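J.: Below are the chains, spelled out letter by letter.
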Amino acid sequence: MDPHPEERLAELLALLPPAPRGWVEAAQELPLARPGLDRLVARAEADARFRELLIADLEAAFAQEGVEADPATVEALRRRLSLP
Amino acid sequence: MVSDSELVARCRAGDPDAWRELVERYSRYVYAITQAFRLPSHDAEDVFQDTFTRAYERLHTLRDDDAFRPWLASLTRRLCIDRLRAAAREQPLEDLEGEGGEDRIEELTEAFAVHEALAQLPGHCREILDRFFARDESYRTIADALDLPSGTIASRISRCLARLRERFTEETEPDPRLEV
Numbered sequence: 001m002d003p004h005p006e007e008r009l010a011e012l013l014a015l016l017p018p019a020p021r022g023w024v025e026a027a028q029e030l031p032l033a034r035p036g037l038d039r040l041v042a043r044a045e046a047d048a049r050f051r052e053l054l055i056a057d058l059e060a061a062f063a064q065e066g067v068e069a070d071p072a073t074v075e076a077l078r079r080r081l082s083l084p
Numbered sequence: 085m086v087s088d089s090e091l092v093a094r095c096r097a098g099d100p101d102a103w104r105e106l107v108e109r110y111s112r113y114v115y116a117i118t119q120a121f122r123l124p125s126h127d128a129e130d131v132f133q134d135t136f137t138r139a140y141e142r143l144h145t146l147r148d149d150d151a152f153r154p155w156l157a158s159l160t161r162r163l164c165i166d167r168l169r170a171a172a173r174e175q176p177l178e179d180l181e182g183e184g185g186e187d188r189i190e191e192l193t194e195a196f197a198v199h200e201a202l203a204q205l206p207g208h209c210r211e212i213l214d215r216f217f218a219r220d221e222s223y224r225t226i227a228d229a230l231d232l233p234s235g236t237i238a239s240r241i242s243r244c245l246a247r248l249r250e251r252f253t254e255e256t257e258p259d260p261r262l263e264v
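Residue numbers (the working numbering), protein chains in the order written: chain A, 1 to 84; chain B, 85 to 264.
So that you can see chain A by itself, here it is in the shape it has in the complex (with noise of 0.2 Å):
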C-alpha cells in the first residue's frame, strides 16, 4: 500500500502554513541585534542623559552601536526600556 498517497501528501502539506511575517523577521533579526541591544540598554540604565538621547533619537542610538534599525529590533529596545 502507497504510504504517501496524493490526499495524504496533501493533508502534510496543510500542517505548514507559514508563520505570520512578523514573527519570522523579528526571529531572524533579534538574536543577531541582542549584543548591541544589551550595551544600549546597560548604558541607558546607568546613564540617564544617555537615556534621553536615545529615547528622542532610537535610530541613531543604533547607528553608533552598529546594530541595524529593522522594525523588530527597534520595537525589542522600546520594551526593554518600557517606552509606549
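It is possible that part of the hints are untrue.
[Said to hold, decoys possible] Footprint (simulated), chain A over chain B, 3 or more residues, beta carbon under 8 Å:
id, segment
1, 100-111
2, 211-217
3, 244-255
[Claimed, not checked] Partial selection, computed: residues in chain B whose CB lies under 8 Å from chain A:
id, residue
4, Tyr115
5, Asp130
6, Phe132
7, Gln133
8, Glu191
9, Val198
[Said to hold, decoys possible] Some chain A residues close to chain B (C-beta under 8 Å, calculated; not the full set):
id, residue
10, Ala14
11, Leu15
12, Pro17
13, Val24
14, Ala26
15, Ala27
16, Leu30
17, Pro31
18, Phe50
19, Leu53
20, Ile55
21, Asp70
22, Val74
Because the hints were derived from the structure by calculation, they are not lab data. Treat the numbers as computed from the prediction; the structure is a model and nothing was measured. Backbone N, C-alpha and C fix where the C-beta goes; we use that ideal spot for every residue, glycine too.
Following the hints, position chain B against chain A.
T.: Same frame as chain A, but now just chain B:
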C-alpha cells in the same frame, strides 16, 4: 539546497545570512508546534521568539550539526510546556502536552519532509500547492494572484500534486541497489 549542518557551521562562524536562512527554513515547523499546543497567540509568539533566540545562543552546544531539526523541535516543545505550566498555576491543567505530544511532532516532521520535497519542484508548482494547501487560498484568489484562468487551477493543482508525489517517493524510497 544547503544542508542544515553547513548553515549551522556558517552561523557559528558569524554569518548572519546563514542564520536568517535557518529561521526561514524552520519557521513553519516551529510555528506549527506552538499551534499544536494551542497556546494563546501572544504566548505562541513569545515561545516562537524564545525558541529561535535560545537556539542561536546555544548553537555551540549542538553536538551533531545534522540534528538541528530534532534539537529545535525539542527546544520548542519544552518552551511550550513551560508556558503551559506557568499558566496552570491559575487553572487546572489536565494534560500539559495536549496535541503537542510525540506523535504530533512526528507528523509535523513528516510534513516538514513533504515541504522539503515541495521546495525541489519548479516554482509554478511550489507556488500553487503552497497557496492552495498550506495557505488555504481559494481558486479565485490563486487565479487572481498568479494571473491564471480560474478554470485551470484545479487541474494544475492535480498535476503538481502528482509531481510532488513522484519527488517525495524518490526521496523516501530505499535505494533497491542497497537492498539484500
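J.: Evaluate each hint against the coordinates.
T.: Evaluation of the provided hints:
{"no.": "1", "hint": "100-111", "verdict": "holds (count 6)"}
{"no.": "2", "hint": "211-217", "verdict": "holds (count 3)"}
{"no.": "3", "hint": "244-255", "verdict": "holds (count 6)"}
{"no.": "4", "hint": "Tyr115", "verdict": "holds (4 Å)"}
{"no.": "5", "hint": "Asp130", "verdict": "violated (10 Å)"}
{"no.": "6", "hint": "Phe132", "verdict": "holds (5 Å)"}
{"no.": "7", "hint": "Gln133", "verdict": "holds (6 Å)"}
{"no.": "8", "hint": "Glu191", "verdict": "holds (7 Å)"}
{"no.": "9", "hint": "Val198", "verdict": "holds (4 Å)"}
{"no.": "10", "hint": "Ala14", "verdict": "holds (5 Å)"}
{"no.": "11", "hint": "Leu15", "verdict": "holds (4 Å)"}
{"no.": "12", "hint": "Pro17", "verdict": "holds (5 Å)"}
{"no.": "13", "hint": "Val24", "verdict": "holds (5 Å)"}
{"no.": "14", "hint": "Ala26", "verdict": "holds (6 Å)"}
{"no.": "15", "hint": "Ala27", "verdict": "holds (4 Å)"}
{"no.": "16", "hint": "Leu30", "verdict": "holds (6 Å)"}
{"no.": "17", "hint": "Pro31", "verdict": "holds (4 Å)"}
{"no.": "18", "hint": "Phe50", "verdict": "violated (25 Å)"}
{"no.": "19", "hint": "Leu53", "verdict": "violated (27 Å)"}
{"no.": "20", "hint": "Ile55", "verdict": "violated (23 Å)"}
{"no.": "21", "hint": "Asp70", "verdict": "violated (11 Å)"}
{"no.": "22", "hint": "Val74", "verdict": "violated (15 Å)"}
Violated hints for the displayed structure, listed by number in ascending order: 5, 18, 19, 20, 21, 22.
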